[in-house]
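Grab the two chains, each in its own frame, and use the hints to assemble them into the complex.
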Amino acid sequence: MPSTTIEKILARASGSASCAAGDYVWVTPDRIITHDLNYPRYRRMLKEMGFTSIPGAKNLLVTIDHTTHTEDQKKLDDHEFIRKDAAAQGVKWLLDVGRHGISHNVPLDLDLVKPGMLVLASDTRAPALGCAGAAGIAIGMGLATVLGIGKTWLRVPETLKVRIEGALRPGVMSRDVGQWVASQIGAEAGDYRCIEFHGPVIEQFDTDCRHTLCNAMVDIGVKTVICAPALSGHAVLLPDAGAAYAAEFVFDVSALELQVCAPPDPANVVPLSAMSETRVSSAFIGSCIGGKMEDMRAAAAVLKGRRVHPDVRLTVIPATQAIYQKCLEEGLLESFSRAGADISAGICGPCYGTYAPLRDGDVSISTATRNDPGRMGSEKAQCYIGNAAVVAASAVAGHICGPFELEPVA
Amino acid sequence: MNNDQSLRRRGHVWVFGHDVPNDGGVMTIEMTRQIVYDPNILSKHAMAAIDANFPNRAKPGDFVVAGKNFGSGPLHVQGPLGLKGLGVSVLAESTARSFFRLAIAVGLPILPFAKGILEFVSVGDEVDVDFSSGSITNLTSGRKMMFDPLPTELSQIVTLGGEQKWLETQLTGV
Numbered sequence: 001m002p003s004t005t006i007e008k009i010l011a012r013a014s015g016s017a018s019c020a021a022g023d024y025v026w027v028t029p030d031r032i033i034t035h036d037l038n039y040p041r042y043r044r045m046l047k048e049m050g051f052t053s054i055p056g057a058k059n060l061l062v063t064i065d066h067t068t069h070t071e072d073q074k075k076l077d078d079h080e081f082i083r084k085d086a087a088a089q090g091v092k093w094l095l096d097v098g099r100h101g102i103s104h105n106v107p108l109d110l111d112l113v114k115p116g117m118l119v120l121a122s123d124t125r126a127p128a129l130g131c132a133g134a135a136g137i138a139i140g141m142g143l144a145t146v147l148g149i150g151k152t153w154l155r156v157p158e159t160l161k162v163r164i165e166g167a168l169r170p171g172v173m174s175r176d177v178g179q180w181v182a183s184q185i186g187a188e189a190g191d192y193r194c195i196e197f198h199g200p201v202i203e204q205f206d207t208d209c210r211h212t213l214c215n216a217m218v219d220i221g222v223k224t225v226i227c228a229p230a231l232s233g234h235a236v237l238l239p240d241a242g243a244a245y246a247a248e249f250v251f252d253v254s255a256l257e258l259q260v261c262a263p264p265d266p267a268n269v270v271p272l273s274a275m276s277e278t279r280v281s282s283a284f285i286g287s288c289i290g291g292k293m294e295d296m297r298a299a300a301a302v303l304k305g306r307r308v309h310p311d312v313r314l315t316v317i318p319a320t321q322a323i324y325q326k327c328l329e330e331g332l333l334e335s336f337s338r339a340g341a342d343i344s345a346g347i348c349g350p351c352y353g354t355y356a357p358l359r360d361g362d363v364s365i366s367t368a369t370r371n372d373p374g375r376m377g378s379e380k381a382q383c384y385i386g387n388a389a390v391v392a393a394s395a396v397a398g399h400i401c402g403p404f405e406l407e408p409v410a
Numbered sequence: 001m002n003n004d005q006s007l008r009r010r011g012h013v014w015v016f017g018h019d020v021p022n023d024g025g026v027m028t029i030e031m032t033r034q035i036v037y038d039p040n041i042l043s044k045h046a047m048a049a050i051d052a053n054f055p056n057r058a059k060p061g062d063f064v065v066a067g068k069n070f071g072s073g074p075l076h077v078q079g080p081l082g083l084k085g086l087g088v089s090v091l092a093e094s095t096a097r098s099f100f101r102l103a104i105a106v107g108l109p110i111l112p113f114a115k116g117i118l119e120f121v122s123v124g125d126e127v128d129v130d131f132s133s134g135s136i137t138n139l140t141s142g143r144k145m146m147f148d149p150l151p152t153e154l155s156q157i158v159t160l161g162g163e164q165k166w167l168e169t170q171l172t173g174v
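Here the protein sequences line up with chains A and B, keeping their order.
According to the working numbering, the first sequence is numbered sequentially starting from 1.
According to the working numbering, the second sequence is numbered sequentially starting from 1.
Chain B on its own, in the form it takes in the complex (with noise of 0.2 angstroms):
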């Protein structure tokens, strides 16, 4: 893959804890009731379950970094449109297998598998993250460190902003 196409993000980090679920954790129960799939409505929602300011105050380039299993329940895609709604990314010690799944559906970027994620930054640290190969800067603590990465398909997904848009390329066959 070329270097132009890697999935990148540098921003600061939130951090939340282990076990958050995707309805009532990263999107409001309320608002998975909703048939609401506009990401700039749910972005003011995202994490609000657990942070009432996350929403105000996370910036396009932040990242959301969890403990084990995050996002697990229901196949709801409100809380992955949330965070994307935002423009932040997640960094999880284990991620759930729906939301994982739903993540890369809607162009989320994620390192579902990132072991050792949570000793590795705090809260407010500045961090650059390639995606592609799982190379974490952090650039507060001046630490650098190799994660499992997302697969060179996954991250072009993503790239592409989710697998709608990727199906078109395999149609067209760009």
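The following block holds chain A by itself, in its conformation from the complex (with noise of 0.2 angstroms):
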């Protein structure tokens, strides 16, 4: 019969001929990844159980990205046991204080994700990585089993077929087209299914803008999301002809404009030439979602030669230690540091609440991954999304705006 991505990535994994959307499938992933919230728990569980190792550690990658800066003596103590256990362990990829990055990121930077691998995640946002053409699939308190086993449970999803086309206008991002395209396809069809990318815009995106586009179908619920077209150099994974989808949507985006989400949610999308002046406090570019390079060249071309308005705080995070020494050499950072920004490094940060966290009151625009009322911070501040060009203009001028609305630098 023939098969969609997903089910010839799960039938590998599980060590099945084939399989099919609703069949149950037990598979062993090529990698494993989770970060300080869940490993010390899920290990200490185990431990307590009686599992005295971790049978796939050759392909675990332990990261610490949500509470790196921390003055919680608990948090401090399991930084500490991260270290002692993923050393006893010989857990492959620990990527320590320092040498750190969120964990949707880091694997990409250390080229662990090869198109076609199935990755379990404990995190959320792991449906990502298919923008190396792997299948991310985060599963939550599941990844104990994993630890423990090596193995979990999946059922087979249905796969949406999404093809994108046309060209984007100057100033549109990756970030315009996911949560564009997210919002088109809704929850109702998005949850539970993979989706498969495929088209000429998909082909023309680098890593970094698949992973933006990829990471936005989250937020409508779907179990993993896979860019079909090989990487260059990477051999390629199809569908077979005749592959049974749930549904087939063509978007053409070669008229859709600057977008934000306004609040409660991603799913509130609007143009931007829609708002109406809405001053900011706070402004954020960063997270695993929109603290790639991309993001970063598209933030600094704005702030270069330019000051943040002084009624905003401007917080820039690059999404790994790799990508803020790439913005070294590049000199980004110099651009956003002359702009008074503050800066950090690979930490999920504000979009998590404990790094510049939103305080009663504060309007915030950013490149976060979500902005339900108390996700970064008080429930009392209202969160807007947008592209990092976005995020940066607004920033400048201390209302939302596109780029194009900034007086040229002098």
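There's no promise every hint is true.
Here are the simulated BS3-like cross-link-like pairs (lysine-lysine), alpha carbons at most 25 angstroms apart as the crow flies [as the list claims (entries may be wrong)]:
#, chain 1, residue 1, chain 2, residue 2
1, A, 47, B, 165
2, B, 165, B, 115
3, A, 151, B, 165
No wet-lab data here; the hints were simulated from the structure.
Structure representation (structure tokens):
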């Protein structure tokens, strides 16, 4: 029977000749990814139960990305537990503080994720790794089972075939495409499905842009996302002709404008041009979806030679230490610093509400993953999402606007 | 699998609609924001956001019957734990991926893709459900129908009381 890409990946990972949507399979992942909020909890539980080793340790990546900067002694104890346990267990990749990065981005720096791989992770944004042609699936606490016995159960999802056509207008970024496409597909079609992306826009997108696109689909409940076309230099993993899809979508993005997600959640996507003037007090460029080179370059192009508005606090956080290093080499950090931005590296930061959290009454624009009330700090703050250039321009102007609305640099 | 291990429940039907969210549906928002993991405490708030009488009137063995996309939203375990605390099970036309995985993890009996269940049962019907085979007998209407079963290994996990209990058996080889 012809298979979709995810059916092929899950058949291989479960040691079956084939599998189809609706089947239940027991899979052994090619990569296992977890972080400081989860690894200590799962491993302590398993150790107490008597699990002395981690079967998949040679494929396991653990990073300290959520609580990197903390004054909480329990969290600091967790960091120490991770270091000692990972060393004792032979965990292949431990990304300790200073060499860390967000769990959905560091695997790409290290080139660990290849087309056709099955990646199981504890954290929700794992489908972003579809950018590399892999199936990233978030299983939350189910990862404890993987750490215990090396495998877990999955239900094979149906697949949506999504083709994106057209040429992007100037200034339109992968984030605009991602939020808009997600809002067009919607949660009813997205839940429990795998999305396969096809078409010329995906082929032209680099890994960063594909990562953003895949990542944005998480908010419509997808199980995973795969950019079917191979990256250059990698083998192609394509669905069979005649594979069964739950639905097919074709989107033309030629007329797409800059988009903003307004409160209360990422599904509330509106064109930037439809926004009435909205003052902002906080701006953040970072997170797994918005802290990549694409975002850093776009933000730096806006901020170079400009200053952040006196009423605004701007935080810039490249998603990994490696991206930070690249920003340094390309001179982007100088533009951020001279503009008056606070700079950190490799952490979820404001997207998790622990670094530069919002206070009551703050109005924020950011490249964070979501904008639910309370996610970035106070529940009495308002959160907007835009692409990195929009966030940078808004930080300069003091209100939500696009980069083209700023006065030219003298 | 032996018959004595089969996962079976008998009780009365409570019908809820489509798109019941996990937070603010299966569990009240207030309780999802507490760091509470005690099924007995959570059971007093299960489904109360939709039907305030449910926690007091539902009996062990009863069924939460729902439409499509049951339990959507954040991966919060309080919702499934609350239902487990009441001793009820779930039969849904379709279930959100996150809720399904949590239900198995905590050992909540569920038929997550019982297509046609809303037409097969009505409020108050007494039904007998074999989760392992997918067979449902409506004792009130006298009809019997097959639905997508819970796979053997998942039934086993639920029967044992959840993923942690099941993991222990993997360790000892029981």
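Now the hints, each set against the structure:
no., hint, in the structure
1, A:47 with B:165, "holds, 14 angstroms"
2, B:165 with B:115, "violated, 30 angstroms"
3, A:151 with B:165, "holds, 16 angstroms"
The structure does not agree with numbered hint 2 stated previously, though it agrees with all others.
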